[in-house]
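J.: One letter stands for each residue in the lines below.
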Amino acid sequence: MLDRAAVLHVGRLARLQLNDTEVQRMAAELSKVLEHVEKIRELDLDGVPPTSHVVDVVNALRPDEPEPCLPRDVILEAAPEPVDGGFGVPSPGASGSAHE
Amino acid sequence: MSELIAMTGAEAAERVRAGEVDPRELFDAYRERAAADRLNAFTWVADGPPGLRPGAQAPLAGVPVAVKDLFCTEGVPSQAGSKILEGYRPPYTATVVQKLRDAGAPLLGKTNQDEFAMGSSSENSAFGPVLNPWDRARVPGGSSGGSAAAVAAGLAPWAIGTDTGGSIRQPAALCGIVGMKPTYGACSRYGMIAFASSLDQAGPLTRDVTDAALLLAQMVGHDRRDSTSVRFPAPIELPSAEHLRGIRLGVPEELIGGERDGAGIEPGVRKSFEAALRLAEGLGASVEPCRLPHAAHALSAYYLIAPAEASANLARFDGVRYGLRVEGDGDLESMYGATRSAGFGPEVKRRIMLGTYALSSGYYDAYYGTAQKVRTKIADDFRAVFERFDFVVTPTSPWTAFELGAKTDDPLAMYLNDFCTVPMPLAGIPAISIPCGLSDGLPVGFQLAGPAFSESRLLDAAYALERAIGFDGSAARQ
Chain A
1 MLDRAAVLHV GRLARLQLND TEVQRMAAEL SKVLEHVEKI RELDLDGVPP TSHVVDVVNA
61 LRPDEPEPCL PRDVILEAAP EPVDGGFGVP SPGASGSAHE
Chain B
1 MSELIAMTGA EAAERVRAGE VDPRELFDAY RERAAADRLN AFTWVADGPP GLRPGAQAPL
61 AGVPVAVKDL FCTEGVPSQA GSKILEGYRP PYTATVVQKL RDAGAPLLGK TNQDEFAMGS
121 SSENSAFGPV LNPWDRARVP GGSSGGSAAA VAAGLAPWAI GTDTGGSIRQ PAALCGIVGM
181 KPTYGACSRY GMIAFASSLD QAGPLTRDVT DAALLLAQMV GHDRRDSTSV RFPAPIELPS
241 AEHLRGIRLG VPEELIGGER DGAGIEPGVR KSFEAALRLA EGLGASVEPC RLPHAAHALS
301 AYYLIAPAEA SANLARFDGV RYGLRVEGDG DLESMYGATR SAGFGPEVKR RIMLGTYALS
361 SGYYDAYYGT AQKVRTKIAD DFRAVFERFD FVVTPTSPWT AFELGAKTDD PLAMYLNDFC
421 TVPMPLAGIP AISIPCGLSD GLPVGFQLAG PAFSESRLLD AAYALERAIG FDGSAARQ
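Protein sequence lines, in the order shown, are assigned to chains A and B.
In terms of our numbering, the first sequence opens at residue 1 and continues consecutively.
In terms of our numbering, the second sequence opens at residue 1 and continues consecutively.
If we strip away everything but chain A, and leave its shape as in the complex, we get (with noise of 0.2 angstroms):
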């Protein structure tokens, strides 16, 4: 069902770099659970409401007062490559375009 291609494709939408082996070890083990999970497509579920939360909140607001955070330097300790108190990243370079 997910061939060599989709595999690909949704490596690439999910910024996972995958090597052969792992390609095609995806595409059987995908497929099977794709296949099991598949079948929830034969129950009849015309209009039913989708769930995305089970317990019912309204949006929950406070008042927007300023209050102490974190310091950027404790924030930045964990950060693999902090420059000038912000996050440091590789250029985005010629493959910085969107492609999807």
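No wet-lab data here; the hints were simulated from the structure.
None of these values were measured; they are calculated from a predicted model.
Be aware that a few hints might be false.
Said to hold, decoys possible - Every beta carbon over 12 angstroms from chain A, so not counted as near; a handful from chain B, in silico:
| no. | residue |
| --- | --- |
| 1 | E25 |
| 2 | S198 |
| 3 | A475 |
What the hints assert, rightly or not - The list that follows gives simulated cross-link-like pairs (lysine-lysine, DSBU-like), each with its CA atoms no further than 30 angstroms apart:
| no. | chain 1 | residue 1 | chain 2 | residue 2 |
| --- | --- | --- | --- | --- |
| 4 | A | K32 | B | K99 |
| 5 | B | K271 | B | K407 |
| 6 | B | K83 | B | K99 |
| 7 | B | K83 | B | K407 |
| 8 | A | K39 | B | K407 |
| 9 | A | K32 | B | K83 |
Ideal Cβ positions, reconstructed from N, Cα and C, are used throughout, including at glycine.
Fit chain B to the known structure of chain A by using the hints.
T.: The following block gives chain B in isolation, referenced to the frame of chain A:
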């Protein structure tokens, strides 16, 4: 074995309150055991007793707690079982861990788990598999396998974990302890490294039902840092029921039949489950079949919804703000790909792929949208059943603990482990697993599920049944 270790959390707290046990001595006794852990249950153990003096009058009286790795704990490794977070020490602490600390339960250690809580065996950890204290050739269940094994083996008096599709209840069952998943929203998710946000809930793993009630009572409550958390309607009460008169237990044919989808319940598990039903009847409960017409489809809905949410949640691990970075070919996009490919294990990649596919253009309605409609039907099924029954009961897991490696090559077979535990989180309702006996020397779990916010009633029923069953877990505490 030390007398200290033989006590439940509640007993230890009582002795501390009475001035008969020094909480520092108790902490040290457990710290030594946790540090000598041969089950790989811990990923980090506290160096020494905590600086703060645990107030003997605090509700948890200084009895230390083991915490699943994915709860952020300030300054302490919080790696969610993943290489992508190896060595990560967060600058803040999860709300439920803070609440337990405030209630007098200091942090004993962090427990091993399936990476990002994805798994049913605790074999998917970047830090190696956890072993089951009943038989070290077997898995402890998952994903909170480290917490379950630690409590069962007496390496911790009690522990907390998280449950998305069964990750507290199933390891509790496989390790012969009590595990409870509360109503969605009962406990704050702030500081829990997210797997599937509409399903994830924190809960206790304990030696008995009283301990579960004691811990849970300190965990629940609205947190302004988690807008999906709710004010729990009434305090969690300590259980005291001695009978089950008037309690109506429903046994759902769709989950117990088990032939469909090949999730067949092992004969030994069935036997133990049915013996517990007879004990429940002996305590005055009525036991009748009930119908949850869509429950057999819960697993399918779950394995679309949870991976879909996970694929979005795990997008944050990109080598920019924390955790692992692998440079790739020098540009940003290849850094993302290289980092994520090196940092995530096979099961996490599989779920991200599955979720990304289910959400991708052209498939969204067919997969994710359909799964959300099934979720509505499952919640409706439970509502209808709870008009006639107090609780729904099932075996927690169709199988007892299986051998390490037995299911790692077949993801679908592993997923089927969750057959009886996924319907409840999809409906947001609470459920508890208690040990109901042994099958070939391995523990069997009995699951009770109730309507939203029925925790106190559930704990009461589980308590009465626990006493009638009289399960002895001491064999696992060497």
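J.: Taking the numbered hints from earlier one at a time, note which ones the structure violates and give those numbers from smallest to largest.
T.: When the structure is compared with the hints, numbers 2, 4 turn out to be violated.
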